[in-house]
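What follows is the residue order along each chain.
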Amino acid sequence: MISLTVNGKQKNLDTDKDMPLLWVLRDVLGLKGTKFGCGQGLCGSCTVHLDGKAVRSCQTPLASVEGRTVTTIEGLSTDGSHPCQVAWRGEKVPQCGYCQPGQIMNAAAFLAETPSPSEPQIEKAMAGNLCRCGTYGRIKKAIRVASGSVK
Amino acid sequence: MNLTTQKISRKKFLEGSAAITAAGLFLACLPEELLAAFTDPETLSQFNPNVYIGISSDNVIRLVIHRSEMGNGARTSMAMLLAEELEAPWEKIKIIQAVGDAKYNDQNTDGSTSVRKNWDSLRRAGAAARMMLEAAAAARWGVNEKTVFARNGEVHHRGSSKKLSYGALAIAASKLKTPKKLSLKSPQDYTIIGTPRDLVDVNAMVTGSARYGIDVEEPGMLHASLERSPRVDAEIVSFNGPEVERIPGVVAVVSLPAQSQDVNTSAAVAVVADSTWTAMKARKILKVRWSGGRSSESTDAKKTELQALVQKKGKISRNDGDIGAAMPEKRINAEYFTPYLVHAPMEPPNAFANVTEGKCHVIAPTQQPQRLRKAAAKFLGINKKHVTIEVSLLGGGFGRKSQPDFAMEAVALSQRIKKPVKITWTREDEVRHGTYHTQCMQRLDAGLNKKGNIETWRHRTAFPTLLTIFAPGAVSPAEFELAQGINTLPYRIPNIRTESYPVKSDVRIGWLRSVLHIPHSFAINCFLDEIAVSTKRDPVQMRLDLLGKPRILELSEAEKTGPYKQDTGRLARVIKRAAKAASWGKSLPKGKGLGFASHYSFFSYVAMAIEVAVNDENEVTVDRVHCAVDCGTVVNPDTVTAQIEGAVSFGLSLALFGEITLKDGVVQQSNFDDYVIARMKDAPEIIVDLVDNGDIPTGVGEPGTPPVAPALYNAIYAATGTRLRSLPLASTDFGGQW
Ligand code: FES
Ligand code: FES
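Chains A and R are the protein sequences, given in the same order.
Residue numbers for the first sequence follow numbering that gives the first Met the number 0, beginning at 0 and rising by one.
Residue numbers for the second sequence follow numbering that gives the first Met the number 0, beginning at 0 and rising by one.
Isolated chain R, as found in the complex:
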């Protein structure tokens, strides 16, 4: 059993989470590994108390951000955590992007972790520096440390008007030891955390000076465009290299072998030229003969296979009560399908690499610089200290840029041609050579008693696992994939069973914003709606009844990555708030409908009410989306609101249009004409209600996506009486113009 109920009070839970105490100052210490000096690539700061902070005598305060900026606001929110405790003047800070290095701790920018996983460590790093500056000032003035305090980049003496800037104290502070016990600010004294802050990069972004990976220009750099095998495992038989090399501007045409798991590059022929365009244009006359490859997956056949699977008993994962012994009065079941998806960040994958004698320099829009550093060191057979991974801004990531493949192509190519080179993927490359969001077939069965209460709940889910990108031949889903939505089902149902299946697939599966929560939230929320209709209950009230009295639910081992538990009271609260904001229960004119969904993911609670209008031609317009979100303490309300708005748009794209299909192992889509994403006309009014109750911060980037598709489908049902069970809407026979 994965969920156990614990009767602990809310107060105890907060204390146990060791993050905030009511008593004001919170004592903590700084982990040893963060004490290494930070070396500023430009100027050496005199005071480097830890890897995240550098203060120089000329009063420049450098904050090192070790997570990637991809629209998630990480460079701003994380700087806010440091600046808050450092008492740094916000307008004067300078942001430095960290290179990939284990000394920064985890740099993997996915799983909605940038704030939640660094909430403690960055505040501590800031507090340590602040206390050292205070101690330096006290020593300089010969006064007791208790009589000095730091504020806004200066240390003040309480008894006099004496003050010193951080710059003036930098050298003295650098000679002090990091304090063993740190005093953290009390939340009511926060002046930065919880206040709306512009993105530190906003000006660069609106003037065109923001630099993404695709904008890298290095001395002597060549440009490359790669023709990759259409099937993941096909090999090169021959290609017309000499013919392509005759095109003016083309420097070389070379083949690159595939790199296996977990790098996952395909065999490719690289056209290297003096400009991006020349490389792309020359690639058009490149002809490569491929050996077939064994992958032959076709979407229709795969769908049939998955559908057959969910009719049979699978491997049991969660098993509460005894589903077989229950004797329900009425049974209801339904099947739900969600297709493969691709990320389509507006900036396609790209990377610069320069491999020289025993050294490697990469600049890439990567979400995982340390993974890349390791992969490059292994590939080149050199120590990773000789591999430098610089992280540019990312023009969107959504999980695609967690993968090392596109940068490892650049590393391999630079090694091969012995020149610095930038690889730029076309949009077609990105759509056809993705690490796709998995497709998923689910069957849900519920047994209802005489009163219409749910007695039994059986959830079967069949999907190719993303473990395939790590190990060849992986077929069984990982526990964490099942923990995403289905094993964490929070409702009081006496008999619950979840089942999954080994599925063989040649498709490379990767993470995509909110991962398995997408299919699982879709099926669960749609099925709840179906049960509510069949038992003539209100779907919102039914959810609240199923949650019952607030309980704290332990998470399964797979999902336990910090001091997190599922609090059904918090879920109930967002459900009530979203329903109220949307005037749930109001009567709507013909053709309009309100749909509801709620979901717990990345330790945050989100409820959503979507209002749609459906006309006589079955054209659907999404009018309004009310979201209530509990992600604990809100660090930058601007960013949290924007992330939820963005997640709604992402969710609408996949609900309305998103679908990758394969024929004989080859992806059928290629660009934004056949892989459609939401446009401005599809964008509804989005109202975001943030519940900030002082709990520790939880995920923000992803939790807004899972409720969108089911709330939309439930709204379409409410408006029309038509029940749809497969995504996207554009591929159903519902009609309408897409």
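Chain A extracted, bound-state conformation:
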């Protein structure tokens, strides 16, 4: 039995300890907002917060999150009002939208640590999040808009 907190709720799971957090969230807990893109830590689609830090959930076995706190895109805000979500809408970032939960979770954790980032800092922090639709310019802009308002 593994216990962890997901989006503020305590979960006790009797699941394969090797199962990556990504699949626990998606298949066991029904939280489909966290996406599968590569399964190898190469694309960032599966990014969630683990104790407030951005991690690739496809590379995070369930066993390693015992007692810890996980936040997914569904738990980032209850109503889409997180500054990143607001900025993402405002800058009209999404195209297909598939990579965006991962982008937003990565950006939210980054801005919490680096409230007023420089351009190179943004590029470095976001380097692991791929977007095949090519929304990078708008993501950059949305991060600049949201910067300063992320707690």
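Worth flagging that the hints you see were computed from the coordinates, not collected in a lab.
Every value quoted in this text rests on a predicted model; they were computed, and no experiment measured them.
The beta-carbon is built from N, C-alpha and C at its ideal position, and this holds for glycine as well.
There may be inaccurate statements among the hints.
As the list claims (entries may be wrong) - Estimated spans, in silico, between C-beta atoms of each pair:
id	chain 1	residue 1	chain 2	residue 2	range
1	R	540	A	120	55 to 61 Å
2	R	505	A	126	34 to 40 Å
3	A	126	R	616	15 to 21 Å
4	A	66	R	730	46 to 52 Å
5	A	147	R	245	51 to 57 Å
6	R	256	A	66	47 to 53 Å
7	R	151	A	11	48 to 54 Å
8	A	58	R	299	32 to 38 Å
9	A	66	R	194	47 to 53 Å
10	R	548	A	78	54 to 60 Å
11	A	126	R	534	40 to 46 Å
Following the hints, complete the assembly by docking chain R with the ligands onto the known chain A.
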């Protein structure tokens, strides 16, 4: 000869295109097949004037979108066309995704067609509904129909303050006949078309509630991961099924035979389990013995073969003037190579299927639900009315999800195990079992006269054709593949010849965003640059000189899919606008360069100027991309701009990194570490200039891609003097860190 010049005025052309007239209201009628009632899966609307619209008494306006949403903005732009003529309140509409059904007309979401092919029919559908609501109100009030008008979800009476909501009129309107003659709004009265609109799904996308195919969860559903034959035609000899079945959570391990053209699945062993992860993990201990298969293609050998081909005379396709009789003063030639590419949409292929007694239910991120419906009905031997194809959101498609293979695997597997099942491809599966963008070798030869003008132009192109996915043994390119870029060359050159070759290949070739325009635009734009340099001309001015006075060029039969013609004046205009925006001709510091390309594709005109910086280690940074785009009437400027930005990123990915190689018939790449796509650091500033001159809408999703690679290479030449002729940059010996 494929191109003929017609001296018709621009005004006449517009009239002939039957889309917009200056006289305001445009009369049209609604095609018979669209009059079938739309049945809302949730609530039956009282007023269903056609398959695209449902209005219920409680004032809910349902708009049915029959094309797939894959980042193309189709669900928004198409709703805008309906809502405009319907006079529907934008904030109150409800979007319903159509299932695959021929009653919606063409649902094939590729070829940059969602807006352009539905521009008329959706506006007409909206107008028909609006006129019926107006007629119902006039009858209710006992007034002349001419005295009522619809606005924002209500019908008003001009002479009084009387008004009625659409909901209040729904039942009465449902009893009326569709008007024979429809009056469409005049473009200057548009309140929705041409205005920026947020994607209807944007909120769901940023909160994680948007549902893609991979997110499907149905009662009793199992999960599967498939081990497919490494060569397209290898067969299963044996596999360790019982061993894999012992893993807790594994339900079954079964083999599936290959399905031939045009479904194109490979023989596979499916590991079926109670979760995606269990299926994927169990697959790691699965061992399959394959019979070799005959495919043995290796990239280096194939390249040599294609290169040998373009030295010889090929099959002539376009033949203007007499290339043999011309006696040019100077000759110049060059060869260009572009490799196989894979689509790599962020959402890998996946599909849910439930085959029960005589029925089949599929939910998939498909670009072509009708093709899939037909394939499933044929495979199961049932009538297609018993096959339901639901279309989820697509996490990118780029042509990959036009193919029925991944969903047909799910259909076959569900039939086999008699359970509802979802198949999820890994990224490795997607990269190794693609329907690849073809590789292409080209040789261009030009003859120049004393003044340096181009007298002769010979374009040879050799590539495996995408017809192979439709028919076994196809070797000769289709006319439409040659129409993509080379036979539509718009320049005034007296002697033009294009040649192509039969090429045998075991690789499955498919569509990828802008298809053969990628290699052809690359070769043509790079070669023009080489000619400009060798004749000491400015490449932009040379293009404009070659275009000369505006002409309307007829398209070849293969490319004629609507009221479209190539207008060289429109091409010249985007060339001038992009050059001006980029301050073409400005002097740049050492190590910087500006490169130019322009291309006509999917009936749209795009010109691009790319500014690069190259440092002493030959590392290339793309600083800025100026794009000028003429795609006719712009329906949603937000989406058009975003699509061009996206196409630039897609073009940079393939120019800098994209390359699929084969060794002995097996694809060598596997994931984003060896099939690299652009990252944020590679993303330049992109400035998009939209020319909206009221012409009928043309393609948007694809036309931004073809000019990217040649503009980049021409910029690298301008910055360094090094001429590169093969893609991607990372595989050349130019150096630099990729
Ligand atoms: S799915 Fe985890 S990084 Fe790609
Ligand atoms: S928006 Fe489609 S992958 Fe990023």
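### Unmet hints by their number, sorted upward, for this structure
When the structure is compared with the hints, only number 1 turns out to be violated.
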